[in-house]
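> Below, each chain spelled out in residue letters.
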Amino acid sequence: MNLSIRLLHLHVLSSKFSIHLPEMSFLSRLIPAATARTAVRFASSGRYYTKKHEWITVDKSVGTVGITDFATEQLGDVVFIELPEAGAEIEKGESTGAVESVKAASDIYAPVSGKVLEKNTKLEDEPGIINKSPLEKGWLYKVEIKSVDQLKELLSEEQYNTFKEEEEAAH
Amino acid sequence: MNRLVSRSALLSATRCFSRTSEVSGKQTCLIETHKKHGGKLVEFAGYDMPTQYADLSIKESTIHTRKHVSLFDVSHMLQTHITGKDRVAFIESLTTADVQGLQENSGTLSVFTNDKGGIKDDLIIMKTDKDFLFLVTNAGCIDKDLPYLLENAAAWRSKGKDVKIETLDNRGLVAVQGPEMAKVLQEGTEIDLSKLTFMKTIVGTVFGIEGCRVTRCGYTGEDGVEISVDPTKAEQLVERLLASQAGKVKLAGLGARDALRLEAGLCLYGSDIDENTTPIEAGLAFVVAKRRRETLDFPGAEKIVKQLKEKSWPKRRVGLIAPAGRCPRSHLPLIDPLDKCALGFVTSGCPSPTLGKNIAIAYVDKSHSKEGTKFIVDFGAKQAPVEVVKMPFVPTNYYTGKK
Numbered sequence: 001m002n003l004s005i006r007l008l009h010l011h012v013l014s015s016k017f018s019i020h021l022p023e024m025s026f027l028s029r030l031i032p033a034a035t036a037r038t039a040v041r042f043a044s045s046g047r048y049y050t051k052k053h054e055w056i057t058v059d060k061s062v063g064t065v066g067i068t069d070f071a072t073e074q075l076g077d078v079v080f081i082e083l084p085e086a087g088a089e090i091e092k093g094e095s096t097g098a099v100e101s102v103k104a105a106s107d108i109y110a111p112v113s114g115k116v117l118e119k120n121t122k123l124e125d126e127p128g129i130i131n132k133s134p135l136e137k138g139w140l141y142k143v144e145i146k147s148v149d150q151l152k153e154l155l156s157e158e159q160y161n162t163f164k165e166e167e168e169a170a171h
Numbered sequence: 001m002n003r004l005v006s007r008s009a010l011l012s013a014t015r016c017f018s019r020t021s022e023v024s025g026k027q028t029c030l031i032e033t034h035k036k037h038g039g040k041l042v043e044f045a046g047y048d049m050p051t052q053y054a055d056l057s058i059k060e061s062t063i064h065t066r067k068h069v070s071l072f073d074v075s076h077m078l079q080t081h082i083t084g085k086d087r088v089a090f091i092e093s094l095t096t097a098d099v100q101g102l103q104e105n106s107g108t109l110s111v112f113t114n115d116k117g118g119i120k121d122d123l124i125i126m127k128t129d130k131d132f133l134f135l136v137t138n139a140g141c142i143d144k145d146l147p148y149l150l151e152n153a154a155a156w157r158s159k160g161k162d163v164k165i166e167t168l169d170n171r172g173l174v175a176v177q178g179p180e181m182a183k184v185l186q187e188g189t190e191i192d193l194s195k196l197t198f199m200k201t202i203v204g205t206v207f208g209i210e211g212c213r214v215t216r217c218g219y220t221g222e223d224g225v226e227i228s229v230d231p232t233k234a235e236q237l238v239e240r241l242l243a244s245q246a247g248k249v250k251l252a253g254l255g256a257r258d259a260l261r262l263e264a265g266l267c268l269y270g271s272d273i274d275e276n277t278t279p280i281e282a283g284l285a286f287v288v289a290k291r292r293r294e295t296l297d298f299p300g301a302e303k304i305v306k307q308l309k310e311k312s313w314p315k316r317r318v319g320l321i322a323p324a325g326r327c328p329r330s331h332l333p334l335i336d337p338l339d340k341c342a343l344g345f346v347t348s349g350c351p352s353p354t355l356g357k358n359i360a361i362a363y364v365d366k367s368h369s370k371e372g373t374k375f376i377v378d379f380g381a382k383q384a385p386v387e388v389v390k391m392p393f394v395p396t397n398y399y400t401g402k403k
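Chains as they are written, first to last, in the numbering used here: chain A, 1 to 171; chain B, 1 to 403.
Hints should not be assumed to be uniformly reliable.
Which stretches of chain B does chain A cover? Using the computed rule of at least three CB atoms under 8 Å from a CB of chain A, they are [to be verified]:
| hint | region |
| --- | --- |
| 1 | 226-236 |
| 2 | 319-327 |
| 3 | 341-354 |
Residues from chain A that face chain B, not an exhaustive set, calculated with beta carbons under 8 Å [claimed, not checked]:
| hint | residue |
| --- | --- |
| 4 | Asp77 |
| 5 | Val79 |
| 6 | Phe80 |
| 7 | Glu82 |
| 8 | Gly93 |
| 9 | Ser95 |
| 10 | Ala98 |
| 11 | Glu100 |
| 12 | Val102 |
| 13 | Ala105 |
Cross-link-like lysine-lysine pairs, in silico, DSBU-like; alpha carbons within 35 Å at most [to be verified]:
| hint | chain 1 | residue 1 | chain 2 | residue 2 |
| --- | --- | --- | --- | --- |
| 14 | A | Lys60 | A | Lys92 |
| 15 | B | Lys130 | B | Lys40 |
| 16 | A | Lys137 | B | Lys357 |
| 17 | B | Lys35 | A | Lys51 |
| 18 | A | Lys164 | A | Lys152 |
| 19 | A | Lys132 | A | Lys164 |
| 20 | B | Lys35 | A | Lys164 |
| 21 | B | Lys311 | B | Lys200 |
| 22 | A | Lys92 | B | Lys309 |
| 23 | B | Lys248 | A | Lys132 |
| 24 | A | Lys137 | B | Lys382 |
| 25 | B | Lys161 | B | Lys382 |
| 26 | B | Lys40 | A | Lys92 |
| 27 | A | Lys122 | B | Lys67 |
| 28 | A | Lys92 | B | Lys130 |
| 29 | B | Lys67 | B | Lys26 |
| 30 | B | Lys309 | B | Lys200 |
| 31 | B | Lys35 | B | Lys303 |
| 32 | B | Lys26 | A | Lys132 |
Keep in mind the hints are simulated off the structure, nothing from the lab. Model, not experiment: these values are computed from the prediction. Every residue gets a Cβ at the ideal spot worked out from N, C-alpha and C, and that includes glycine.
Hey, can you work out the whole structure from these sequences and the hints?
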């Protein structure tokens with residue numbers, strides 16, 4: 001819930017559309033000025049999601065990409081992770097690797113376009129980290145984001161949770 | 001992560017799986033036991049079945065079964081009695097088994113064949129010392145096996161023969177699999193398990209429950225039994241087994257079952273064998289009994305026996321192994337490393353929890369089916385090398401009483 005407010009706030013700041021303004025005034029009533037600035041900085045590390053169960057957090061123009069806890073729960077013990085190499089140019093929506101468990105294999109798609117800066121080499125030696133800590137230690141790679149506008153096309157945590165519930169209900 | 005949520009790929013090795021957030025299909029007599037022990041339920045062959053339980057991952061559960069003992073609810077499989085004095089001739093007319101030659105209270109793996117020599121289903125036939133045969137057939141094939149049996153039995157009766165099909169609806173079937181099975185089960189039964197060797201069957205009392213049919217067989221490659229039990233007593237049986245101090249007993253789901261059968265090189269109907277595969281192509285020549293090769297009186301017999309005699313099968317089921325990495329899975333093509341010709345395809349595969357390597361079952365051209373043959377498995381964007389090896393991938397431990 002908190003996170004979605006923060007994300008909303010970020011959208012306000014990054015958007016020129018006045019439609020968000022009432023939300024902003026709503027927030028500024030709730031949060032004192034100094035805290036609001038903290039919230040803004042904090043908002044830049046908020047998590048965005050894809051409908052294919054990847055997440056990305058953003059610090060300035062650098063994104064950190066991973067897969068969600070929902071995804072790792074579905075997969076079970078991950079035994080192998082294929083990651084993109086540093087320096088690789090990736091396109092939003094393209095397959096950039098794969099996750100294998102005993103139960104299933106799944107492609108990992110890029111949530112944004114950009115250049116891979118670093119991959120989490122620890123995962124290659126110990127893929128199980130992704131099951132224990134999918135949102136923190138189990139990050140996959142860092143990417144220099146080509147266009148931050150692409151982030152707007154992703155889901156907020158709240159939207160992702162709703163999507164996930166619909167997915168579950170449909171099966 | 002697209003394939004993850006697609007119904008068919010969630011458990012790619014077991015095609016009929018689909019995820020359910022709530023129970024929605026038919027239920028076995030052990031549904032409450034699954035829920036009580038945190039079973040993750042999925043729809044499998046129309047039934048709500050657990051893929052795994054809360055206490056172990058699929059990998060852990062597979063390894064547990066190889067070291068200790070696991071319980072699997074397989075009550076979704078169809079259990080049938082065939083009665084009447086012509087029952088042996090009847091079942092032989094549809095399958096490749098020599099039921100006539102079977103000793104009482106023993107059984108065999110066999111296949112229902114079609115006129116093209118393809119496999120309609122695989123099944124276990126037990127010849128009991130009573131006036132019936134006991135059959136266990138796949139849950140996924142109930143809709144075709146049962147009408148097939150009923151129609152053929154009706155046709156036999158119209159010719160004045162004596163045969164009747166009786167399904168044991170909702171009866172429980174619990175597989176107890178793993179090296180500690182005998183220790184655990186012997187505590188609760190007067191049946192002498194040292195005399196119940198592989199593919200023998202007997203009726204007795206197990207943990208106070210009368211009328212349990214205990215058959216030494218399974219689908220894991222380990223020593224084990226399958227216990228056919230009164231549905232109202234199935235939960236009691238499972239709980240008594242779980243409480244045993246004679247071994248470490250855990251519940252296991254379809255996920256571990258699939259990994260275990262793959263490691264043992266056993267076929268999954270619908271993936272590794274189907275209506276377009278003959279038992280010879282599938283490497284199951286042993287199910288075509290010697291006498292039946294002479295009598296040629298089962299559907300598709302001529303084609304099957306011709307393949308056997310002339311060694312003329314066009315394709316062959318093989319085992320593949322590859323180092324850790326992307327795993328060859330169902331439907332992926334296999335390519336010759338030199339001329340890049342497609343020579344076959346994978347029918348099931350998974351990272352083997354026991355071996356720490358990728359294993360797969362595939363069909364390849366006969367000319368390329370020798371042990372040691374190398375292929376490239378084509379993932380689309382990536383390729384990886386694989387090698388043909390002998391199955392089983394993990395040695396089997398059936399209790400033959402010899403040792």
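> Could you run down the list of hints and mark each one as holding or not?
We went through each hint and held it up to the structure:
no., hint, in the structure
1, 226-236, "violated (count 0)"
2, 319-327, "holds (count 4)"
3, 341-354, "holds (count 3)"
4, Asp77, "holds (4 Å)"
5, Val79, "holds (4 Å)"
6, Phe80, "holds (6 Å)"
7, Glu82, "holds (6 Å)"
8, Gly93, "violated (10 Å)"
9, Ser95, "holds (6 Å)"
10, Ala98, "holds (6 Å)"
11, Glu100, "holds (5 Å)"
12, Val102, "holds (5 Å)"
13, Ala105, "holds (6 Å)"
14, Lys60(A) to Lys92(A), "holds (18 Å)"
15, Lys130(B) to Lys40(B), "violated (39 Å)"
16, Lys137(A) to Lys357(B), "holds (25 Å)"
17, Lys35(B) to Lys51(A), "holds (29 Å)"
18, Lys164(A) to Lys152(A), "holds (19 Å)"
19, Lys132(A) to Lys164(A), "holds (20 Å)"
20, Lys35(B) to Lys164(A), "holds (23 Å)"
21, Lys311(B) to Lys200(B), "holds (32 Å)"
22, Lys92(A) to Lys309(B), "violated (57 Å)"
23, Lys248(B) to Lys132(A), "holds (26 Å)"
24, Lys137(A) to Lys382(B), "holds (27 Å)"
25, Lys161(B) to Lys382(B), "violated (59 Å)"
26, Lys40(B) to Lys92(A), "holds (33 Å)"
27, Lys122(A) to Lys67(B), "holds (30 Å)"
28, Lys92(A) to Lys130(B), "violated (67 Å)"
29, Lys67(B) to Lys26(B), "holds (32 Å)"
30, Lys309(B) to Lys200(B), "holds (31 Å)"
31, Lys35(B) to Lys303(B), "violated (48 Å)"
32, Lys26(B) to Lys132(A), "holds (34 Å)"
In this structure, the hints that do not hold are numbers 1, 8, 15, 22, 25, 28 and 31, in rising order.
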